[in-house]
Every structure is written in C-alpha cells, then in structure tokens.
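Keeping their order, the protein sequence lines are chains S and H. According to numbering that gives the first Met the number 0, the first sequence is numbered sequentially starting from 0. According to numbering that gives the first Met the number 0, the second sequence is numbered sequentially starting from 0.
Keep in mind that the hints were calculated from the coordinates and are not lab data. Fair warning: there could be bad hints in the mix.
Quick partial rundown of chain H residues pointing at chain S, CB under 8 Å, derived from the structure [said to hold, decoys possible]:
| # | residue |
| --- | --- |
| 1 | Phe14 |
| 2 | Gly59 |
| 3 | Ala123 |
Once the Cα atoms are required to be at most 35 Å apart in a straight line, the calculated DSBU-like pairs of lysine-lysine come out as [claimed, not checked]:
| # | chain 1 | residue 1 | chain 2 | residue 2 |
| --- | --- | --- | --- | --- |
| 4 | H | Lys165 | H | Lys131 |
| 5 | H | Lys6 | H | Lys222 |
| 6 | S | Lys362 | H | Lys131 |
| 7 | H | Lys190 | S | Lys362 |
| 8 | H | Lys190 | H | Lys165 |
| 9 | H | Lys222 | H | Lys130 |
| 10 | H | Lys120 | H | Lys222 |
| 11 | H | Lys165 | H | Lys6 |
| 12 | H | Lys130 | S | Lys362 |
No experiment lies behind these values; they were computed from the predicted model shown. Backbone N, C-alpha and C fix where the C-beta goes; we use that ideal spot for every residue, glycine too.
Here is what each chain is made of, one letter per residue.
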Amino acid sequence: MTNTTDTASVDERIKAEPLLARLMKRPELGAIAGLVLVTGFFLATASEAMFSLSGVLNFLSPAAQLGILAIAASLLMIGGEFDLSIGSMVAFAGMIFGACVVNLGLPLILSIPVTLAFAALIGAANGLIVLRTGLPSFIVTLAGLFMLRGLSLVGLKWITGGSTQLRGIREAVEGDLLTPLFSGDAFGGLFAWLAQAGLIESFPNGTPKVPGIPVEILWFVGLALAATWVLLRTPAGNWIFAAGGDATAASNSGVPVRNVKIALFMLTAACAALLAVMQVMDAGSTDARRGFQKEFEAIIAAVIGGCLLTGGYGSAIGAFFGSVIFGMVVIGLTYTSFDQDWFQVFLGGMLLLAVIFNNAIRKRVTGER
Amino acid sequence: MSEPIIKLDQIEKHFGNVIALNGVSFDVRAGECHCLLGDNGAGKSTFIKTMSGVHRPTRGTITFEGRPMSFSSPRAAMEAGIATVFQDLAMIPLMSVARNFFMGREPTRGWGLTRRFDVEKANAITMAEMKKMGINLRGPDQAVGTLSGGERQTVAIARAVHFGAKVLILDEPTSALGVRQTANVLATIDKVRAQGVGVVFISHNVRHALAVGDRFTVLNRGKTLGTARRGEITSEQLQDLMAGGQELAQLESTLGGTV
Ligand SMILES: Nc1ncnc2c1ncn2[C@@H]1O[C@H](COP(=O)(O)OP(=O)(O)OP(=O)(O)O)[C@@H](O)[C@H]1O
Ligand SMILES: [Mg+2]
C-alpha cells in the first residue's frame, strides 16, 4: 500500500471562474447592488441637495444610528440567533443612563460603563435562557421585547414621579470630558478651516454650513470595520460562523458554542445601550418610546446585507450597506416629490428581494441545486 | 505491554429511559489500533462520544494517562490530544474547507489586537493534508457543502489525523470512500499507529477491521460481547459475533454464502 498520489497542482475539472461568479458568492454583494440601485434612483428623482455634503450627512446620521444596532444584529444572526429585544433595550438602557446621570449625578466615565454593563447582563440572561431551554431565541427575546418596554415605562414613571420622560440630561452631562465622544459633531476645527479655505459651503459669516461629522457616523464606521475584522480575520469570527452554521457540529469540533452565543447576545445588547447613550445625550432627555420597532429595522438591514435567517452566513459590511440604504430611503424621499409613506412599501419590497436573492446565493455557495 | 492511554470502565449512558450503554469497558494503548464493532444501534457512536467529551457517562469512570478524567466538553478532550471523526462528520456546509479544517483550533499570528487567523497557513496545511489523503481539492476556500460525500469524509479524517496527538477515534470513516481513498485511510491508520498514537476504529466492514486492527471489541445492545486479539479470531467468527450469531447463519444459507 502506498500513499502516492497524482499531484497535478491544477485540477483539470475546474473551469476558470469568471470574476462575476466569484463576486456572486460574497454575502454583501446584494447590499452593494441595492445601494447602487437606490443611489441611482435618488440621483434621478431627488433634488441635488440630497447629495451635497450636508445632504449626505443628513441621511448617514439615521443610517448610523440604525447601523450600530444592525451590525451587532448581523453578528448575532450569523451566530444563529435573533434578538428582538434590542429596540426596547434602547429605551431601557436610556432610562438606566438617564437615572445614572440625572438622579445619581454620576459622571459619564461611570454612567456609560454602568449602562453598558447593565445591558450586557440582560443580554447574557437572554442567551442563557435560550441555551438552557433550547427554545428559539426568536420567542425568548420576543418576551424580552415586551418586558423591557414595560419596565422602561414603569421605571421612568417611578423615577420621575409619573412622567414617561426624563429630562435634564443635557445639563447634567455638559462639560463632561467624555461628552464629545458620544454626542455632537467631530472634526469641528477641520470643517471650520475647510470653510475658511472655501472648500466647503459656508454661511455669509464664515462658519461652515456643516459643523462637522456627527459622532454616530464615526462609531458606525468603526464598528463595521471592527466587526468585519473579527468575522473574517480572527478565530472568534470562525467560531461565530461555525456556531451559526451547525451548533452541534461546531461544538463537537471544539468550538465553545455556548460562550460564543452568550458573548454575541451581550454584544448586541451593549450596542443597543451605546445607541441609547448617544441618542439620549443628543436629545437631552429619554422616554419610554425610544427605539420603537428598531429591532425589526435592524434585522431587515442585516438581511439586506446578506445574512441568512438560518444563521451561519452573512457579513457585517453588508449590514453596513443595508443600513445606509435604509437611511437613504427614509431621508431621501423627503428630497423627492413622492409621499414619504412610500418608505414602508419600499422597505418590505427590499426585504423580500433580499431574502429571495440570499436564498439563491446560499444555494450557489453550498452547491445545492 | 504499555499502559493504556485512555481506559473506560463500566460506562453506562442513559438517554431518558433509553439505556444506550449498559456497562462497557474499553481501553486503547499507544501504538495500537483497537477496533470497535457491532450492529446498528449497538451503541458504538454513543460510546466514542463519551470518550471524546460529547456525552458525560451516566455511570462509570474514564482514566486518561493514568489519571481519572471527566471531559467537560469536546474542546477539553481535544486539548488533551483526542481527535475524532464523528459519524456525521461535524462539518459546516456553508464554510470553506480550510475554515472547517481548523474550526476551533485556528492558527494565529501577531499579538494583542493584531492577533489574527492565519489564513495562508490554514489554506496551505489544508491543501497539503488533503493531498496526502489522495484528494486534490479545487481550492481551500471551496465550501464543504459543494464537496462529494467521500471528499467531505476525507476532510474530516485529515483533520482528525492532523490534530490527533494521542488518541484518534474514527467512527465509520470509510463508509463513503472509494477504493483508493479507503486504502489511503487504512495506510494512514497504520502510519499514525507507528508514531505511537492510539487508534479507535469503528467499522461495519470486517475486512477493513482485520486489515489494521490489533484488538477487536464487539458491542451488542449496549454491552460488550468480548475482546479478541489479532490472530485469535477469524473473519467468520467476528461476523457472527457482530450479527449476534444464528440469524446471520440463516441468512447466509438463503443467500448462498455470499455475505
Ligand atoms: N441522543 C439520544 N437520545 C436517545 N437515544 C439515543 C441517543 N443517541 C443514541 N441513542 C440510542 O442509543 C442506541 C445506540 O446508538 P448509537 O448511535 O450509539 O449506535 P451505533 O452502534 O453507532 O449504530 P450505527 O452502526 O448505526 O452507527 C440507539 O438505540 C439509539 O437510538
Ligand atoms: Mg454509529
């Protein structure tokens, strides 16, 4: 018995794969195609102002706010789970944050970690319940959706003595060293200089029309890059794909599936809390309706970005583009003559298209016919 | 003869009211191939899963390298040097061959924040190991779902051989393989055994078992029927034991001795 094999280095049974076919296998392709389509649509129908610097930042800001949720949700979906409670978590974390800042008078350096930790703890509880019971995360976190929303209402009334809104946050965080990291615009100096140099539009008095880049956009981009790096270039990324692809097979191959899933639930909840911190600081107040239905929008953005509902496949950069599409459509319609309420129709249509497209891609990748 | 690497004593495994294993004892020594034989549903897969940390035994003890051991997870068993080819292969169809190969044990380079999955190394090792097994992969980034059944099985075997430092467990690894690949797997078992690895080999094919086995243990309905050394037992006796005796003799007469 010998171990010799023919070692032709190129397999004669492979046709050279055209670039397009190779691109077709990338999960984020659909989202990029969608982005091109939507951009084309608005270039044709919207007023020019939409694609000016201020117009672009105008739609990137809501895109970023959604994207912070959607990128985390996409990681969780790739890991094979859902979290429907993230929208309610935004309200709940907003309440915790508000109470820390206003009622307890804590500085941001304490309030923000406390808020994130609180959220992560609830995320971990979600994960533990899902793993312990073996129930679908869909149903477990649906319960969370209602409980957290209800707790936010009850809690806010208790804290404020009857109101579902907690004010006074802007005053409380004013002057805190960390405030510029989580609210307002970044690179103000650069924009002022650019305006003076006449490179960007400015008001007659010389101040730029766009004071800077809203910080949430920077968080959004940073998070997308970090998530993509983790997914594609680290062992943890491999574990996320494996845990979502087939939890038993992954576990039998030595992937710590439970830890991976719980970490993902914690991350998703913490991202919702991060968004809450930013929104609350920007608005100066928090109320119990914050984040309403954001869980669905986040999941839709993740699906448009190429995530399979069954897990094990998708991309964070796809969720990034999915969120940008989202922001473009919501804001873009106001630059056109269309009724803004077309937004929902558009959203549903996008989702349907994306699911059909993703399904076809999956079959291509797995070689199913 | 040397001490066993892993020794399982009076293992029982119950699933609710199903008694899958009812007191099975088994051991593997360094440099031997111990075959585990038995009919469908005899409990072979359940047994090796207790050995590789998937199941915790309901009763019974496991001794690894002389010390009592209770693997809390497959990962713990792997870290101890036990690698397994499961009957269902434990592969993720949507992931590439290289990512499957190193799933749970990714090679990394760099430190701190730049510590990353060494994709080039993973790809190169995967291609080389697969070539050794007689399979020319189209590419390391091909999804496992697009492989043929035998190719997939070969990836699982190559992976276990690569990581099986002390014990290599193979649960019907040749069920989907062609003639050349089967010969390759048997030769590989022979090779790793010579390197001092203890091999547990499950097969329904008596010829394959006899070709590489040093010892043979037959399971039947969750119990050990007995263990025999190479040379102490003929192929016919082994077949009879595996099928529980008379029925096969009857079948054989109706089929004219072709089984
Ligand atoms: N998770 C489980 N829950 C309940 N019963 C189980 C479970 N796993 C195995 N069994 C039962 O244990 C018995 C032994 O199964 P096992 O898979 O170990 O058989 P096997 O010897 O590997 O068979 P085969 O040759 O077909 O692979 C079977 O009767 C099976 O139904
Ligand atoms: Mg079996």
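Do the hints match the structure? See the list:
1. Phe14: 15 Å, violated
2. Gly59: 21 Å, violated
3. Ala123: Result: violated, 13 Å to nearest chain S Cβ.
4. H/Lys165 with H/Lys131: Holds, because 20 Å separates the two Cα atoms, which is no more than 35 Å.
5. H/Lys6 with H/Lys222: Given that 35 Å is the threshold and the Cα spacing comes to 16 Å, the pair holds.
6. S/Lys362 with H/Lys131: Satisfied, since the Cα-Cα distance of roughly 30 Å is no more than 35 Å.
7. H/Lys190 with S/Lys362: 39 Å, violated
8. H/Lys190 with H/Lys165: Given pair H/Lys190, H/Lys165 holds - Cα atoms ~13 Å apart, limit 35 Å.
9. H/Lys222 with H/Lys130: Roughly 39 Å between the alpha carbons, so the hint for H/Lys222 and H/Lys130 is violated.
10. H/Lys120 with H/Lys222: Distance of about 44 Å is beyond 35 Å: violated.
11. H/Lys165 with H/Lys6: At roughly 13 Å apart (the allowed maximum being 35 Å), H/Lys6 and H/Lys165 satisfy the hint.
12. H/Lys130 with S/Lys362: Between H/Lys130 and S/Lys362 the Cα gap is close to 27 Å, so the pair holds against 35 Å.
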